[in-house]
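So the sequence lines, in the order shown, correspond to chains S, Y, X, L, B, Z, H and G. For what it's worth, the numbering used here labels the leading residue of the first sequence as 1, then goes sequentially. For what it's worth, the numbering used here labels the leading residue of the second sequence as 87, then goes sequentially. For what it's worth, the numbering used here labels the leading residue of the third sequence as 173, then goes sequentially. For what it's worth, the numbering used here labels the leading residue of the fourth sequence as 447, then goes sequentially. For what it's worth, the numbering used here labels the leading residue of the fifth sequence as 721, then goes sequentially. For what it's worth, the numbering used here labels the leading residue of the sixth sequence as 1101, then goes sequentially. For what it's worth, the numbering used here labels the leading residue of the seventh sequence as 1481, then goes sequentially. For what it's worth, the numbering used here labels the leading residue of the eighth sequence as 1661, then goes sequentially.
Source of the hints: derived by calculation from the structure; they are not laboratory data. Among these hints, one or two may not hold up.
Listed below are the simulated DSS-like cross-link pairs for lysine-lysine, each with C-alpha atoms no more than 30 Å apart in a straight line [claimed, not checked]:
#	chain 1	residue 1	chain 2	residue 2
1	Y	K137	Y	K117
2	Z	K1360	Z	K1307
3	Z	K1432	B	K1052
4	L	K657	X	K383
5	Z	K1307	B	K1074
6	B	K927	Z	K1454
7	H	K1543	B	K1052
8	Z	K1406	B	K1074
9	G	K1723	G	K1739
10	G	K1808	B	K975
Looking from chain L toward chain B, a few residues come up when the C-beta cut is under 8 Å (computed) [what the hints assert, rightly or not]:
#	residue
11	H513
12	R518
13	A523
14	H554
15	Q635
We put the CB at the ideal spot given by N, CA and C, even for glycine.
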Amino acid sequence: MTSAASPEVPVLVRHEWCKGCGICIAMCPKKVLEAAPDGKATVARPEDCIKCETCEIMCPDFAIRVVGGRSKGVAEGKGDVAGARA
Amino acid sequence: MTSAASPEVPVLVRHEWCKGCGICIAMCPKKVLEAAPDGKATVARPEDCIKCETCEIMCPDFAIRVVGGRSKGVAEGKGDVAGARA
Amino acid sequence: MAVPVDNYLRNQFMPHMWCPGCGHGIVLGAVLRAIGRLDLPKDEVCIVSGIGCASRAPGYLDFNTVHTTHGRALAFATGIKLARPDLHVIVLTGDGDASAIGGNHLIHAARRNMGITTVMFNNSIYGMTNGQYSPMTPKGRYASTAPYGNVERNFDMCELVKAAGGNYVARATTAHARQLSNYVEHAIQTQGFAFVEAVTQCPTYFGRRNKMGTPVDMIEWFRKNSVNAAAAAKLGPEELDGKIVVGEFYRGDAPEYTQVYEEVIKRAKEAAAR
Amino acid sequence: MAVPVDNYLRNQFMPHMWCPGCGHGIVLGAVLRAIGRLDLPKDEVCIVSGIGCASRAPGYLDFNTVHTTHGRALAFATGIKLARPDLHVIVLTGDGDASAIGGNHLIHAARRNMGITTVMFNNSIYGMTNGQYSPMTPKGRYASTAPYGNVERNFDMCELVKAAGGNYVARATTAHARQLSNYVEHAIQTQGFAFVEAVTQCPTYFGRRNKMGTPVDMIEWFRKNSVNAAAAAKLGPEELDGKIVVGEFYRGDAPEYTQVYEEVIKRAKEAAAR
Amino acid sequence: MPGRKGRDLRLLQGNECCAEAAILAGCTFFAGYPITPSTEIAEILSEKLPQVGGHFIQMEDEIASIAAVIGASLTGAKSMTATSGPGFSLKQENIGFASFTEIPCVIVNVQRTGPSTGLPTAPAQADLMQARWGTHGDHPIVALYPSTVPEVFDLTVKAFNISERLRVPVILLMDEVVGHMREKVEIPHVSDIEIINRPRPDVPPEKYLPYAAGPDGVPPMAPFGTGYRWHVTGLYHDETGFPTTAAPNADRQMKRLYAKIESAAEEITFTSEESLDDAEIVVVACGITARSARRGVRLARERGIKAGMLQLKTIWPFPYGIIGDIAGRVEKIIVAEMNMGQLIGEVERAACGKCEVVGYSRVDGEPIAPAEIVAKIEEV
Amino acid sequence: MPGRKGRDLRLLQGNECCAEAAILAGCTFFAGYPITPSTEIAEILSEKLPQVGGHFIQMEDEIASIAAVIGASLTGAKSMTATSGPGFSLKQENIGFASFTEIPCVIVNVQRTGPSTGLPTAPAQADLMQARWGTHGDHPIVALYPSTVPEVFDLTVKAFNISERLRVPVILLMDEVVGHMREKVEIPHVSDIEIINRPRPDVPPEKYLPYAAGPDGVPPMAPFGTGYRWHVTGLYHDETGFPTTAAPNADRQMKRLYAKIESAAEEITFTSEESLDDAEIVVVACGITARSARRGVRLARERGIKAGMLQLKTIWPFPYGIIGDIAGRVEKIIVAEMNMGQLIGEVERAACGKCEVVGYSRVDGEPIAPAEIVAKIEEV
Amino acid sequence: MRKEIRLSGYGGQGLILAGIILAEAAMRDGYEVVQSQSYGPEARGGASRAEVIISDEPIDYPKVTSPDVLLLMSDQACKRFAGSACEGGTVIVDSGLVTSVPETPGIVHEFPITDMAVEATGRSISANVVALGVLNTVAGLVSPESLKKAVSARVPRGTGEINLAALGAGIAASEAAGVG
Amino acid sequence: MRKEIRLSGYGGQGLILAGIILAEAAMRDGYEVVQSQSYGPEARGGASRAEVIISDEPIDYPKVTSPDVLLLMSDQACKRFAGSACEGGTVIVDSGLVTSVPETPGIVHEFPITDMAVEATGRSISANVVALGVLNTVAGLVSPESLKKAVSARVPRGTGEINLAALGAGIAASEAAGVG
Ligand SMILES: Cc1ncc(C[n+]2csc(CCOP(=O)(O)OP(=O)(O)O)c2C)c(N)n1
Ligand SMILES: Cc1ncc(C[n+]2csc(CCOP(=O)(O)OP(=O)(O)O)c2C)c(N)n1
Ligand code: SF4
Ligand code: SF4
Ligand code: SF4
Ligand code: SF4
């Protein structure tokens, strides 16, 4: 089960790969993600997403894809995660 | 065969242990030692010996003993061999 | 053209075997993004690992991949690189794999300056065997074989690799995933031996034993306890105690081994012709 | 009271098996004089070696002596020291023994700060097996397995041991036999892991292959090409190229392993009593 | 049948029991490197050894571990290491050293399915031949093989005793299943455990010849640091311990090493049997397979087949004599083992054509079940 | 009898000949670590390999050497390492890896007197069993054993061919005496040397199943970096090469590995015989001992004894069938070997009581002389 | 008598400890007993499995093949093991965690075990001991006294009381359900 | 025909090369040949020994036991090997280096081999080839042509002429002594 990504829901969570560790949820600077009852991530506030790709980069399970992020899955940049959250 | 050491011959060469490498001969600052026909070291000029123990320290075969040297076989000191020769 | 990470995964084997919240996936993502930015052709990349949780990475990657024996990844990789100098040989290894049983191969690969990129997944513990202390476990930490607290000091692996002769040495944590990915990119670009230490969380063993909380807590802990190299230079040893220094520590330009060996082949052929 | 060197020799096995002019005897003499000055009781000294020409030393010495397997001296010594912390454990090892096959045990003994004194007889070659290059053979030198000149760089072993965590690190050559002996003395006095690199001549293989002349010539070469640490600090890398830097490089005061382990025993006994 | 009073009845895992037994046998030193499925032994000893003033150290690898163990043993400490397949392979060079220099030590190998990394948590019995032949050159060795947790206790203590008594490395082979299962064990009181210590010299240091053996072929051993300064080397050496290349010495030395084991063979050969007396078909097995063999034989008897079984608790030295005897009076021997056929070679050799020998192997990482044994008994 | 024209007749040391033969067999990669009495192989290849564009590297130890060899082989290079006893022990873990992952490579072990450091420059034949059983777990292996320098040439080439053809590590066991002696060798022209290369896939990458074998049990192997991206692991793996813990797969995989060797057994079993036809007493031997056995048999014949001899050039897989046949038609087999009795176990197993099997061992670091063989023949 | 018991769920539920407690109780009752558990990738993946064999004669074959008693504390465990129960065996399911019980040759007893634990002790972590109480009451494997002693002996220091409460809750609930 | 030859002296005299040359010459003459040499501690200690077996049928046992021809170039070599010569065998001694020849079953021929080398070529290092000249002339092992070819093929590049001169000197001296 993969939640469809669309311009309005730019963050795609691969449900079968997600292990519900909660890292993306905690790291998202805009609190876009939330835990579903099974602990796995869901996109709760897509409209707040700034496409910083932090969730994608920080997901240990390759379960998140940010559509239309600047780096097309090869996110680079200087600052660390803290920077992204700041 | 060990050449006897005496006050006059302060350097004792253990002939059976000596392999004739020539190191003692070259390193002695006073040219006290010489190579015998078989290449092994002999004490040629005992009277010149200053008991610096360089020969003893530098002999790789434990074949030399300087009698009455200051360190009784446990020579210590700062300078290196070059220093001793100078 | 940059390549998305999914392209490099053998999707049929996902989800991977790592525990929920294990940092190994973050480190692997950083590696794949670096490969993607460099747009290395898959057929020219060879990933080599030893044994351990971290070392299971190659199985999930769509390159030429080898999961060898514990600690020996760099020795296998040396054979691969020397026989095929044109391949990009990347070693993914755990801290136990690289610094315990594999320590000798690591310093020798560095000394020879073999053109291999090594990424050490440092979770300060032997994960695969359920949590014994490793040579990277800080003194005082608990582990299943250190019930009274670890009495050994950990290596400063970056210092060691540098002292051994590596051409590139850097460290980052999973809290610095972007930086980490950049370091790996620089490492791959390095001619000669390159080493990146990726400090990562094992919530299951290291975390639980040491009451480090959730994976998120552990990442936060890394972030708070990290100091970058420039800042660290201004701090005394006491202030640095317990801190993780991150940054690029060294870049050398010693010639790469297989390139030097090409010279030998030239000389040998000349000699044979004579 | 200082003890003469002969007292420490098993005279019945002399003359020893080393070639005429081999520097190993000079290094051994330096070690014995250090032991003599410290007046260590013979029964409390344990000498451990691996395999190689240098490693044949213990057979000639009237202590508790072990001639182990190639490269493993420090691992054996670790067991001895931990089981009997009161013994003076001294490892005599070749550059191949210590830096090639034994490299890992060396860095780990240093990391643990085991109370062992290690003297590495560095003749830049595998003597016992007739002259192959070692990890200490300088680049460009010839050896039986480097017929076109060695393409590998040598370790700076003192740097490496320091980076690994050793508490004492020094280097001298056979041309500095007195200094060398002093360094060994300081090493033995060190609490924790101490390492002395003794640069020595193998006239038979290294010397002959590299046209270094007689043993005397080789010693002279050492003397001329050595720079002491203080002077070296003022020189650039180019000026230092091909030079041997001698001196005491590091003294640390990290606690020694077996002493720290005593703490574990205390804690464990308390825990058990509870 | 409730536990008798006064006994220390405990539910222990095989690995746990091995660690407990080691301490009771006098072990004060352990060096190891973690590997599944043996790791619990290290983990438990890291906690328990310092409690009795002993020493635990986790080394950088398995080579270093066995080296440290031998080193510690030189000082007089009863020493042990534990590992599994890949680590056992790495220890081989130094096991040869210990065997040749006659330094007592115990090496536990909790076998997993090999070769290489194999199936790290699945059982196999495929390191039997390696235990005998893993290191280069001829060398004496002893290997014991428990099938239950109580046997783990018993054979661990025996491993130390034999190692000390004969100055030989003793290998304790365990099955993953045995190492990992919990069973009821009755731990005897310390004073009820027979402990054997290595022979010590009864001469003053200046008369000590470290490799001069008495009639049992075992030379007395002085711990390092007790005034007896001697030399240990993996080169051929004479009675003094110093190296010699003399051919007659080499011959003498090697033959003594074999003879010391041979002359003790009877006292170190442990077996267990089931309905052997009138058996026509005998199953030979060890470890976990012996349990199924025992059950299988009972089931076969219920079906009227005269089956019997022999469990080998000592694998090396191999009990050629015992099996040769059996071969002389039965029709068939079935060798059941979790490998491609290792024990069977030795059994065939021992049987020497006196009866038919057939193998039953299983190599899929699952133990052999009693039903399979019954089926095989019925088939042959 | 002067040398025929056109042949390349050379006086070569065994080790030297091995190195020359390796290059002619197509070897382009050597990684090793020096050890007496095998070092000359490395020394010569350090000079010759780069001359043909190949690679030589001296690794930090023997473990790294065999690892580098396997790594190089993955790229398609025919690869080799050479060592002696202690180094052979260290290589065992990775030999198991190569065997299990089916990566071709050749491992030369020039045997010296063990165990441990032993007598580094004296001959022994005591690593025979280790060659079969040195690593943990069941695993297939092939071992060849020359007795003369010309045989070194022949068997070195065969070692590469077998290794490539069956994707199995092949061990070339040499005696110190053979490695170090010089004999006359006729080096054939390159075009006269049969060279076998590993099977390559004939399907496109997307269809490639790296461990799917044809009827001969040998899967085709694509060199790394040629578009076939596959996975190599020492865990149990299925046809795709990826790990699986499924029991039926483990069974299938292990049995295929054994079957591929077994089905090729005939073509890889090499022996040589002397007066076997009507022999009543047969001497079985290999390597340097076979030479004395041959002479001894001739001398015995001169004395009217119907003696014969069988030289085993292939030790593993062991030719049980051939020896079983011989056992069925002779009175006695004498197994002559420079060890405490290794081959004899296999011979007894093969003979299965059909004839008497007696051993003649020598373990003092000296080769067995023809006169000893004659005496033994006369004695039995 | 040979009884095979399999306890299965996910890591963190304490089922291995439960298996050990059950085995220890059986030992205290004088039975022969073998306890084993899952290792390897299975253990890593989050699944957890403990097995106990209780017998009044020596246990030769130590593997559980068709359990007489089965405890299932996750959907995954149900999927994998429900079918393994022996004909007419006891199958106890945590109805709070398991969404649907697949077909099984055994007789299913549903209890909201984890919820009961929370109710009885305030902590879901004691579900394992609640389960033991239920399971032993339903299947009658060991004496309640031995079970109590084994619980006290094996649970972490300081949690004895809580766990005895949990055990009591399990026993009471199953007795109440009339399946004891 | 089987001839065993042992050349013995100390390291640096080039006796191993001499053995190889002799073996190669024999090979060129169409003989079967085995050459071996000392290794190990013996080789390290300064002693040196090379052995050659020449035969017209395959050589099975490759060790020299009682040499037909013995070359002794040091006192140590004499002490160790003089007695090993076969009854009536040829024993050639460098009279300039050996101070006394122990008892031997062979027939002793003394030549100042090293001195001859210095005289003929100015270098003591060519004593090994002088010795070959002497030894082959006295014992008649291989054809002089093959010996010459083998010398040229095996000596270091650039030393061919000097060594052929040394060989010639050895041959001439032994012919002159009437033992050829
Ligand atoms: C020769 C050998 N020794 C030991 C092991 C057991 N073993 C497997 S992985 C591992 C350590 C893993 O730790 P690390 O490399 O830090 O990786 P992690 O699992 O933490 O990612 C050990 C000791 C083995 N497989 N082989
Ligand atoms: C496992 C193993 N590998 C290789 C050897 C062969 N070997 C013996 S000594 C030696 C190297 C000796 O060199 P070094 O340690 O530098 O000492 P040196 O002889 O130069 O004093 C080697 C490779 C061995 N004995 N054991
Ligand atoms: S003591 Fe000094 S002066 Fe005397 S002989 Fe020795 S080196 Fe020369
Ligand atoms: S240094 Fe020693 S061995 Fe060398 S010549 Fe002098 S006494 Fe003899
Ligand atoms: S055990 Fe630790 S390192 Fe291994 S997968 Fe789990 S969290 Fe990651
Ligand atoms: S070979 Fe070299 S190191 Fe060995 S004894 Fe001779 S000179 Fe010394």
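Item to complete: Tell me, in ascending order, the numbers of any earlier hints that this structure violates.
Response: 4, 5, 6, 10 and 15
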